[in-house]
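Keeping the supplied structure of chain R fixed, place chain U upon it in accordance with the hints.
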Amino acid sequence: MKLNSFKFRHSLFTGVFFAILSVSMVSCGGGSNGGGSDSTSTDDALIGAGSSFDNPLFSKQFSEYSKTNGLKVNYQSVGSGAGISQLTAKTVDFGASDAPMNGKQDSALSAPAVHIPITAGAVVLSYNLPDVKDTLMLTPGVLADIFLGKITKWSDPAIAAVNKGIKLPSTSIVIAHRSDGSGTSAIFTTYLSKVSEEWNTRVGKGTSVNWPAGLGGKGNEGVSGLIKQTPGCIGYIELAYAIQNNMPYAKLQNKAGNFITPSIASVTAAANIQIPADTKVSLTNTDAADGYPISGFSWVIIYKEQKYGDRTQDRATKLVKLLSWMIHDGQQYSSALYYAPLSSAAVDAGDAVLKTVTFDGKPVLQ
Amino acid sequence: MDTSVETGIPTRSDLPLRVINSSPEAILKAQKRARLSFRQIRTENIFNKTLMLMGLIMVILVLGIFLTLIVQSLPSIKALGPKYLWGEVWDPVQDIYGAWPFLLGTLLSSFLALIISIPFSISVAIFLGEYHPNGWLPNFLKNTVELIAAVPSVIYGFWGLAVLVPLVRTFESHIGVAPIGVGIFSSSLILAVMIIPYAASLGRSMISMVPSHLKEAAYGLGATRWEVIRSVVLPYTKSGLFAGILLSLGRALGETMAVTMVIGNTSLIPKNIFAPGNTMASVIANEFTEADKPVYLSALIELGLVLFLVTVVINMIGKKIIDRFTND
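Those protein sequence lines, which keep their order, are chains R and U.
Heads up: the first sequence runs through residues 1 to 366, numbered per our numbering.
Heads up: the second sequence runs through residues 1 to 328, numbered per our numbering.
Everything labelled a hint here was simulated from the structure, so no lab data went into it.
These numbers come from a predicted model, not from an experiment.
Backbone N, C-alpha and C fix where the C-beta goes; we use that ideal spot for every residue, glycine too.
Each hint should be verified, as a subset may be incorrect.
Said to hold, decoys possible - Partial chain U-side listing against chain R, Cβ under 10 Å, derived:
1. Trp-90
2. Gln-94
3. Pro-138
4. Ile-175
5. Thr-260
6. Met-261
7. Thr-266
8. Ser-267
9. Leu-268
10. Ser-282
11. Ala-285
12. Phe-288
13. Tyr-296
14. Gly-318
15. Lys-320
Unchecked claim - Simulated restraints on C-beta separations:
16. Gly-361/R - Pro-152/U: 49 to 59 Å
17. Ala-178/U - Lys-164/R: 21 to 31 Å
18. Leu-63/U - Ala-277/R: 30 to 40 Å
19. Ala-352/R - Val-62/U: 52 to 62 Å
20. Ile-322/U - Ala-111/R: 41 to 51 Å
21. Lys-271/U - Lys-153/R: 17 to 27 Å
22. Ala-277/R - Phe-171/U: 55 to 65 Å
23. Asp-310/R - Leu-63/U: 47 to 57 Å
24. Pro-169/R - Asn-272/U: 54 to 64 Å
25. Thr-201/R - Leu-85/U: 20 to 30 Å
26. Asp-310/R - Ile-322/U: 20 to 30 Å
27. Thr-135/R - Ser-173/U: 21 to 31 Å
28. Asn-315/U - Thr-312/R: 27 to 37 Å
Only chain R is shown next, with the shape it has when bound in the complex (with noise of 0.2 Å):
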């Protein structure tokens, strides 16, 4: 008995100690969303997190980078909030995000944290009318009372005085938008919030917010699986995979006017306007003539101080190098995957910021 009681008390401690270990794993991960191990500093290559949607053109552009200067850049595409997350934790030396960070997110930081505009997407309105052979024009005020579900037939008159001259069936309209938290849809947002005050006030601009109507589908994917097997379906999706995937999409009125079809021209020409110093500035419902009003800039996010933790000077200039030579010579390979090469104002810009990036006080390039 004594024997047992005493194996009790062991295995006991055993159990309390166990306890205590999956009592602090909670805090530290409370603490930080990426957690995990501090890989910035063993081995060479530069670490990336963040925006899926950069993806596939990072990819490309650290191929061809590492060609010439042989640096090897990891990037995880794992999406812009949680490639925020670990901007903040430190454990990347870059995060790329589709939207700019807001000010929880920045507060969260230790140092200030400076944007740099990458690439420009777009974001497109998909449908499904199999009947209907001209392409679909839409003006903001249509688009924001067809998704907040107060227009719910396609032969209603608002949408058959935009486009005269087309049948349009009498069918009922199913939306479907991003089920899951994405950049695409606070893009799309954001700008339906700019054109309708009662977006605005209803809903509101967010990676993922409470729509007042239809369907949810994940990803791009998701979404163009909706809209293709179900007749009389709007979604909205990002302007590469419509492209890729031959869906149609239909041409939205900007800000002057103009009914523009989404391209990737007409997506770098909405990005040529005034840029702010920071260059967070949103693309959507753009002043320029020939732009298409729901385009976006996505960002790299680095650290304006990049003397932290045990980085290096060689570290830090790598890192600036690379990116001076993205939003330069790397837009070369923009338009071939469905990207639109950055503005003129847009690198002059990311240009001005990057110079402010100092190591130790001292600005890294010189």
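Here is chain U on its own, set in the frame of chain R:
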């Protein structure tokens, strides 16, 4: 001595005397044997302790997960309070989180799936356990049913989206509901297929374990096969069958990938079983990566906690029911 050699029968004097041998070799031998049995005891103890440790690790793991969920959902519990459970709006933009639509979606789709799957799983169990326990066709059927459990759920999702959803859409347009295709009903159908093997295999092994003398007695009294199944086999195995059904319900509650592909993923409260909805597991899977605000992330984790508790409660109720069945 001599006589014994001649007759070949040993006499008393031939038997070796039982004396305690105190020669050094003998002591060494005895010590060796003692060491050996000590080692056996030690092995026994180590084995015992290993088993105990493994068991403990499992308990600690579950407790650790539970603790993690509680600790990480504290911010959301503090900010939203119990209203979280019956709140009907899930609005990440304004930081309003209510789990009710997803709780409803989870329970609705899982129980509907259970209702659809029960006739199939019980039939398969009776067919394999009672009618045809052996032979190539029953074996083939048995393996097929087990294969259903082995297919990854994303494949069910694809199949559901490509085959089932268009069929459901046609069906919906015939009965006069909005022909969307995706929705609670479609996800219940997919779930029903996925959970059949759990109840079926457990039911089959339970039914094949019914003592044959009970069945033979019933046959002896002139019962038909149907009567034997109804009044001997099913009453004898009801707790096992119920346990299988419970197991499949647990699977349905937590299924994520296949459901999220066909349920329609909307935060609106489903108006009927054909309407699109969402489940707790699929909301977590969808929104976790881009949950960019602390309260948002915490609200998603609290959703996980609710799912955990729902599963625990349903299991406990099930255990109670099983106990009652087996006691009478």
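Structure-based check of all given hints:
{"no.": "1", "hint": "Trp-90", "in the structure": "holds (6 Å)"}
{"no.": "2", "hint": "Gln-94", "in the structure": "holds (7 Å)"}
{"no.": "3", "hint": "Pro-138", "in the structure": "violated (38 Å)"}
{"no.": "4", "hint": "Ile-175", "in the structure": "violated (16 Å)"}
{"no.": "5", "hint": "Thr-260", "in the structure": "holds (6 Å)"}
{"no.": "6", "hint": "Met-261", "in the structure": "holds (7 Å)"}
{"no.": "7", "hint": "Thr-266", "in the structure": "holds (6 Å)"}
{"no.": "8", "hint": "Ser-267", "in the structure": "holds (6 Å)"}
{"no.": "9", "hint": "Leu-268", "in the structure": "holds (8 Å)"}
{"no.": "10", "hint": "Ser-282", "in the structure": "holds (8 Å)"}
{"no.": "11", "hint": "Ala-285", "in the structure": "holds (8 Å)"}
{"no.": "12", "hint": "Phe-288", "in the structure": "holds (8 Å)"}
{"no.": "13", "hint": "Tyr-296", "in the structure": "holds (8 Å)"}
{"no.": "14", "hint": "Gly-318", "in the structure": "violated (27 Å)"}
{"no.": "15", "hint": "Lys-320", "in the structure": "violated (28 Å)"}
{"no.": "16", "hint": "Gly-361/R - Pro-152/U: 49 to 59 Å", "in the structure": "holds (54 Å)"}
{"no.": "17", "hint": "Ala-178/U - Lys-164/R: 21 to 31 Å", "in the structure": "holds (29 Å)"}
{"no.": "18", "hint": "Leu-63/U - Ala-277/R: 30 to 40 Å", "in the structure": "violated (52 Å)"}
{"no.": "19", "hint": "Ala-352/R - Val-62/U: 52 to 62 Å", "in the structure": "holds (54 Å)"}
{"no.": "20", "hint": "Ile-322/U - Ala-111/R: 41 to 51 Å", "in the structure": "violated (58 Å)"}
{"no.": "21", "hint": "Lys-271/U - Lys-153/R: 17 to 27 Å", "in the structure": "holds (19 Å)"}
{"no.": "22", "hint": "Ala-277/R - Phe-171/U: 55 to 65 Å", "in the structure": "holds (59 Å)"}
{"no.": "23", "hint": "Asp-310/R - Leu-63/U: 47 to 57 Å", "in the structure": "violated (37 Å)"}
{"no.": "24", "hint": "Pro-169/R - Asn-272/U: 54 to 64 Å", "in the structure": "violated (25 Å)"}
{"no.": "25", "hint": "Thr-201/R - Leu-85/U: 20 to 30 Å", "in the structure": "holds (27 Å)"}
{"no.": "26", "hint": "Asp-310/R - Ile-322/U: 20 to 30 Å", "in the structure": "violated (59 Å)"}
{"no.": "27", "hint": "Thr-135/R - Ser-173/U: 21 to 31 Å", "in the structure": "holds (28 Å)"}
{"no.": "28", "hint": "Asn-315/U - Thr-312/R: 27 to 37 Å", "in the structure": "violated (55 Å)"}
Against the hints set out earlier in the document, violations occur for numbers 3, 4, 14, 15, 18, 20, 23, 24, 26 and 28.
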